[in-house]
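Q: Sequence:
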Amino acid sequence: MTDTLLQVQDLKVHFPVREGLLQRETASVKAVDGVSFDLRRGETFGLVGESGCGKSTTALAVLRMIEPTAGRIVFEGEDVTGHTRASMRSIRRRMQMVYQDPFGALNPRMKVQDIIGEPLAVHGLAKDRSAWRARISELMDLVGLLPDMADRYPHEFSGGQRQRIGIARALALEPSLVICDEPVSALDVSIQAQVINLLVELQERLRLTYLFIAHDL
29 MTDTLLQVQD LKVHFPVREG LLQRETASVK AVDGVSFDLR RGETFGLVGE SGCGKSTTAL
89 AVLRMIEPTA GRIVFEGEDV TGHTRASMRS IRRRMQMVYQ DPFGALNPRM KVQDIIGEPL
149 AVHGLAKDRS AWRARISELM DLVGLLPDMA DRYPHEFSGG QRQRIGIARA LALEPSLVIC
209 DEPVSALDVS IQAQVINLLV ELQERLRLTY LFIAHDL
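Per my numbering, residue 29 is the first one in the sequence shown, and the count goes up by one each step.
Mixed in with the good hints there might be a few duds.
Pair ranges (Cβ atoms, derived) [claimed, not checked]: (1) E53 - R180: 43 to 53 Å; (2) V228 - E166: 12 to 22 Å; (3) I219 - L50: 42 to 52 Å; (4) Q51 - R233: 43 to 53 Å; (5) M138 - D169: 17 to 27 Å; (6) R233 - L174: 17 to 27 Å; (7) E53 - M177: 34 to 44 Å; (8) D156 - V217: 23 to 33 Å; (9) S158 - D244: 38 to 48 Å; (10) D156 - G48: 17 to 27 Å; (11) N135 - H42: 23 to 33 Å; (12) D179 - G132: 19 to 29 Å.
No lab work stands behind these hints, which were simulated from the structure alone. Glycine included, every Cβ here is placed at the ideal spot set by N, Cα and C.
Construct all of the structure, not just a fragment, from the sequences and the given hints.
A: This is the structure in structure tokens:
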């Protein structure tokens, strides 16, 4: 079995520019234009570049949350480029994302237990309410949060704690690949190292593979 988890080959994502009453396409914005890389199991691959250069667009294309214009995306040996949205659902269980903004990525009207536990409910991975709550407690403990905080809302947590909630949610489905889209750039400098150390510990413990997006090293 190959050690290559993800292959991105000549990926292109172009967005049309439309003008006039009939909204005819007059040009296109080349957000991603010919990106290729291989990501091996258990490693961290850094995608670094200035703001607006297409890093996050690349990540969203890998997840098929936006459609590639051209190129191939091969995940765990399977070409997922032509998959439908429905067929991508099971694949996305193995590909999860930690977002840049730890507050904007969390629904402020949902309790933490519902945020972390939503993927479990959507994919039917908890046989009953007791098993669901037990898994949420396990995930919260895994990222350094007290399980008795599960009934609180996102605004009751600090920025670093909110990012830990986002990480716990991403881990709920036991993914092979976690895409970290500038996961510490919105945090205070004093908290950034704590979150990075947590990600390193989780990678070693769970044998995770990271695609890590950053605007600097």
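Q: So, for every hint listed, does it hold in this structure?
A: Results for each hint:
no.	hint	verdict
1	E53 - R180: 43 to 53 Å	holds, 48 Å
2	V228 - E166: 12 to 22 Å	holds, 20 Å
3	I219 - L50: 42 to 52 Å	holds, 50 Å
4	Q51 - R233: 43 to 53 Å	holds, 51 Å
5	M138 - D169: 17 to 27 Å	holds, 20 Å
6	R233 - L174: 17 to 27 Å	holds, 19 Å
7	E53 - M177: 34 to 44 Å	violated, 50 Å
8	D156 - V217: 23 to 33 Å	violated, 43 Å
9	S158 - D244: 38 to 48 Å	holds, 45 Å
10	D156 - G48: 17 to 27 Å	violated, 57 Å
11	N135 - H42: 23 to 33 Å	holds, 32 Å
12	D179 - G132: 19 to 29 Å	holds, 22 Å
Violation of the numbered hints given earlier is confined to hints 7, 8, 10; the remaining hints are satisfied by the structure.
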